[in-house]
Amino acid sequence: MSDLAEIIARNEGQIRSEWIRDMSQTVLRTDLISKSELEEQCNTLLKSVMAGARSGAPTDVTTSGWSPAREFLEGISSSRARQGFSPTEVATFVLSLKRPLFAAARREMGTTPDKLFEVVWTATELLDRLALLTTEAYIATREELIVRQQQELLELSTPVVKLWEGILALPIIGTLDSARTQVVMENLLQSVVSTNSKYAIIDITGVPTVDTLVAQHLLKTITAARLMGAECIISGVRPQIAQTIVHLGINLEDVTTRAKMSDAFALALQMSGRTVVRQAASAAGSKGVLAGPLAKQEA
Amino acid sequence: MSETKRETLPLKTSNDVVLARQRVRQWATELRFTLVDQTKLVTAASELARNTLDHGHGGSVTVEQLVQGPRVGLRLTFEDQGPGIPDLEMALKDGFTTGNGMGLGLGGSKRLVNEFAIESAPGKGTRVTVIRWK
Amino acid sequence: MERIPVLRMGSLLLITIQVDMHDKLALQLQDDVTSRIAEWGSTGVLIDISSLEIVDSFIGRMLANIAAMSRVLGAETIVVGMQPAVAITLVELGMSLPGVRTALSVEAGMELLYGAGAGFRTGSDDERDEA
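Protein chains in written order, with my numbering: chain A, 1 to 299; chain B, 1 to 134; chain C, 1 to 131.
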């Protein structure tokens, strides 16, 4: 139905200025977008609507004749979603084109109500679809943002701490599901490589429950570390967890576990061939703080 | 679900297996898969390509980019006109391999991808389709 | 035909795999390692896979085979430098590489083979040369 395209073509200037005027009164966000940018966007949309209306399928916005319009709208919806526009504001950009368009149609076809009705109906169907498109694109962008934030949150919540040369600690707080395990595993293994640490203590004090699935996840992590040449020690095993593990028949034969992280640390030190030596009391204490170990070395 | 780009590669020599691996790696990099996901997919591709060559007497692999709404993925289809697999259930089962079995690598590959489908029968060849979503 | 070079450092064999191996290359490596151990009387084999981005079941079996065959010939094998993504994938694949000892780096590997601060031994060279 090229009537619509012709009507737009003949009235382009007026439609555009009325459209912008209407929007300014309601939805123009001068804090987020400049007037000239908005005018440019109106121009682009009008031109692509004309092109689409002239294409073989005037209201089927999924066809190729409409891809410039689609791509343009998806693009600005995405950027507006990121800029902080509300979904209504984004959709209104498209919907506020209706009034100027209908006004132009009435000017041209006011005397033939049947044809006027056709054009108005086509226009409204079209613009509704385009507006819905912007809403979908908006939502997709927000979801992408949420997923990214979730990812960052996951990564932040499992820090890797270097306890000593070659000994890392990974305190896990919260439930260990498969998504989290992936992140934990990758973090740990990457740290093992970058710090060249042969020992990693995985502390599960902050993990509320350990069921077969969690155990499997932990075992995968330990196996992967072992494959690389590092050893893992699980610490922070609470008495209830120990009971659950035995009741579930989880096999932890190949896994070294300790109740407290301090025990695990002591073990790691020992395994790496180190001893902690307490200096004789008289040597340290009698000379006072300034003369003891904190004193500067004498030449 | 709409598909966009695709590419078919031959699997007739052991060098083809290497080339196929590298191509899959390039596809995955272009789609910006994470390193671990890439590694899993390329490793699965290597297993299945080798199967096609060794057990299927040679065939081909088709790489396709998939778009399903907001998510993007890669689909690999391995096909051969070889003898087919007589006992599919057996082939898919594997204990954690001790590393020296003649295991067809199917069970393992299955764990490396998100979706896995296999059609095979004696005399009818084999087709394995796997998908990894980003 | 191209081969993966096997370097000798005293009683140690050092192999750095930097190419995407096709099957024949992998099998050739297995042969070369066993020949060299027999020829030079090596007691240690260090395989550096830090450049390998993919280790599938075939390569995994190759590594396990090299370790097993070397052991029969009196040499100990250590595989070093496995990338995290590779380790994660091997676990998912179900390959545990039994009989293959691993270390984080070449230094760590040498320490495992010859003890702390070992560097590499040259003493045994002289004895072998006279044989």
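Hints in this document: simulated from the structure, not taken from any laboratory.
Careful: at least some of the hints might be erroneous.
The list that follows gives simulated cross-link-like pairs (lysine to any residue, SDA-like), each with its CA atoms no further than 20 Å apart [stated by the list, open to error]: (1) B:K134 x A:R142; (2) B:K134 x A:D177; (3) B:K134 x A:Q150; (4) B:K110 x C:S105; (5) C:K24 x B:H55; (6) A:K47 x A:G84; (7) B:K12 x C:F58; (8) B:K110 x C:G94; (9) A:K98 x A:G84; (10) A:K162 x C:A26; (11) A:K220 x C:A26; (12) B:K134 x A:Q216; (13) B:K110 x C:S96; (14) A:K115 x A:A5; (15) B:K134 x A:T141; (16) B:K12 x C:D23; (17) B:K134 x A:A179; (18) C:K24 x B:P122; (19) B:K93 x A:A179; (20) C:K24 x B:M90; (21) B:K12 x C:V100; (22) C:K24 x B:K110; (23) A:K220 x B:L35; (24) B:K110 x B:L88; (25) A:K220 x B:N114; (26) B:K5 x B:K134; (27) B:K110 x B:M90; (28) A:K115 x A:N43; (29) B:K134 x A:E186; (30) B:K134 x A:Q151; (31) B:K12 x C:R101; (32) B:K134 x A:P239; (33) B:K134 x A:E152; (34) A:K220 x B:D54; (35) A:K220 x C:V100; (36) A:K220 x B:N15; (37) B:K12 x C:D20; (38) B:K134 x A:K115.
Verification of the hints:
Distance hint between K134 (chain B) and R142 (chain A) is fulfilled; the C-alpha atoms sit about 18 Å from each other, no more than 20 Å. A hinted pair counts as satisfied when its Cα atoms are at most 20 Å apart, and K134 (chain B) with D177 (chain A) qualifies at roughly 19 Å. Between the alpha carbons of K134 (chain B) and Q150 (chain A) the distance comes to roughly 16 Å, so the proposed pair stays at or under 20 Å and holds. Between K110 (chain B) and S105 (chain C) the alpha-carbon distance is near 31 Å, which puts this suggested pair outside the 20 Å criterion.
A distance of roughly 17 Å separates the Cα atoms of K24 (chain C) and H55 (chain B); the hinted pair therefore holds under the 20 Å criterion. At most 20 Å may separate the alpha-carbon atoms for a hinted pair to count; K47 (chain A) and G84 (chain A) exceed this at roughly 26 Å. Of the supplied pair hints, the one linking K12 (chain B) and F58 (chain C) holds, its CA atoms being roughly 17 Å apart against a limit of 20 Å. A threshold of 20 Å between alpha carbons decides the hint, and for K110 (chain B) with G94 (chain C) the separation of about 11 Å falls inside it, so the pair holds.
Taken as a hint, the K98 (chain A) and G84 (chain A) pair is broken in the structure, with Cα atoms around 24 Å apart against an allowance of 20 Å. Our distance criterion of 20 Å between C-alpha atoms is broken by K162 (chain A) and A26 (chain C), whose separation comes to about 38 Å. Proximity of K220 (chain A) to A26 (chain C) is assessed by CA-CA distance (about 28 Å); at most 20 Å being required, the pair is judged violated. For the suggested pair K134 (chain B) and Q216 (chain A), the alpha carbons sit about 24 Å apart, so the restraint of at most 20 Å is broken.
Distance check on the hinted pair: K110 (chain B) and S96 (chain C) sit about 17 Å apart at the alpha-carbon level, within 20 Å; holds. The suggested pairing of K115 (chain A) with A5 (chain A) holds, with an alpha-carbon distance near 14 Å, which does not exceed 20 Å. Taken as a hint, the K134 (chain B) and T141 (chain A) pair is honoured in the structure, with Cα atoms around 16 Å apart against an allowance of 20 Å. Pair hint K12 (chain B) plus D23 (chain C) holds up; C-alpha atoms about 13 Å apart against a cutoff of 20 Å.
With a C-alpha separation of about 14 Å, the suggested pair K134 (chain B) and A179 (chain A) falls inside the 20 Å cut-off, and the hint holds. Distance restraint check for K24 (chain C) and P122 (chain B): the Cα-Cα separation of roughly 29 Å exceeds the 20 Å cut-off, and the hinted pair is therefore not satisfied. The straight-line distance between the Cα atoms of K93 (chain B) and A179 (chain A) is roughly 25 Å, outside the 20 Å bound, and the hint therefore fails. Taking the CA atoms of K24 (chain C) and M90 (chain B), the gap is about 29 Å. The hint is violated against a cut of 20 Å.
Only pairs whose Cα atoms come within 20 Å are accepted, and K12 (chain B) paired with V100 (chain C) is rejected, the gap being roughly 32 Å. Restraint check for K24 (chain C) and K110 (chain B): the C-alpha separation of about 26 Å exceeds 20 Å, so the hint is violated. Straight-line distance between C-alpha atoms of K220 (chain A) and L35 (chain B) comes to about 18 Å, which keeps the hinted pair within the 20 Å bound. Among the hinted pairs, K110 (chain B) with L88 (chain B) is consistent with the structure: their alpha-carbon atoms are about 13 Å apart, no more than 20 Å.
Note on K220 (chain A) and N114 (chain B): the hinted pairing holds, with a Cα-Cα distance of about 18 Å set against a maximum of 20 Å. For a cut-off of 20 Å, the pair hint linking K5 (chain B) to K134 (chain B) stands: about 16 Å separates their Cα positions. A C-alpha spacing of about 14 Å is found between K110 (chain B) and M90 (chain B), which places the hinted pair at or below 20 Å, so the restraint holds. Simply put, K115 (chain A) and N43 (chain A) have alpha-carbon atoms about 26 Å apart, too far for the 20 Å limit, and the pair is violated.
With a C-alpha separation of about 17 Å, the suggested pairing of K134 (chain B) with E186 (chain A) holds against the 20 Å cut-off. For the suggested pair K134 (chain B) and Q151 (chain A), the alpha carbons sit about 14 Å apart, so the restraint of at most 20 Å is met. With a C-alpha separation of about 35 Å, the suggested pair K12 (chain B) and R101 (chain C) falls outside the 20 Å cut-off, and the hint is violated. Simply put, K134 (chain B) and P239 (chain A) have alpha-carbon atoms about 40 Å apart, too far for the 20 Å limit, and the pair is violated.
This hinted pair checks out: K134 (chain B) and E152 (chain A) have alpha carbons roughly 17 Å apart, not beyond 20 Å. For a cut-off of 20 Å, the pair hint linking K220 (chain A) to D54 (chain B) is broken: about 30 Å separates their Cα positions. With a C-alpha separation of about 18 Å, the suggested pair K220 (chain A) and V100 (chain C) falls inside the 20 Å cut-off, and the hint holds. Among the hinted pairs, K220 (chain A) with N15 (chain B) is inconsistent with the structure: their alpha-carbon atoms are about 32 Å apart, more than 20 Å.
Simply put, K12 (chain B) and D20 (chain C) have alpha-carbon atoms about 18 Å apart, close enough for the 20 Å limit, and the pair holds. Between K134 (chain B) and K115 (chain A) the CA atoms are separated by roughly 50 Å; this puts the pair beyond 20 Å, and the hint is violated.
In this structure, the hints that do not hold are numbers 4, 6, 9, 10, 11, 12, 18, 19, 20, 21, 22, 28, 31, 32, 34, 36 and 38, in rising order.
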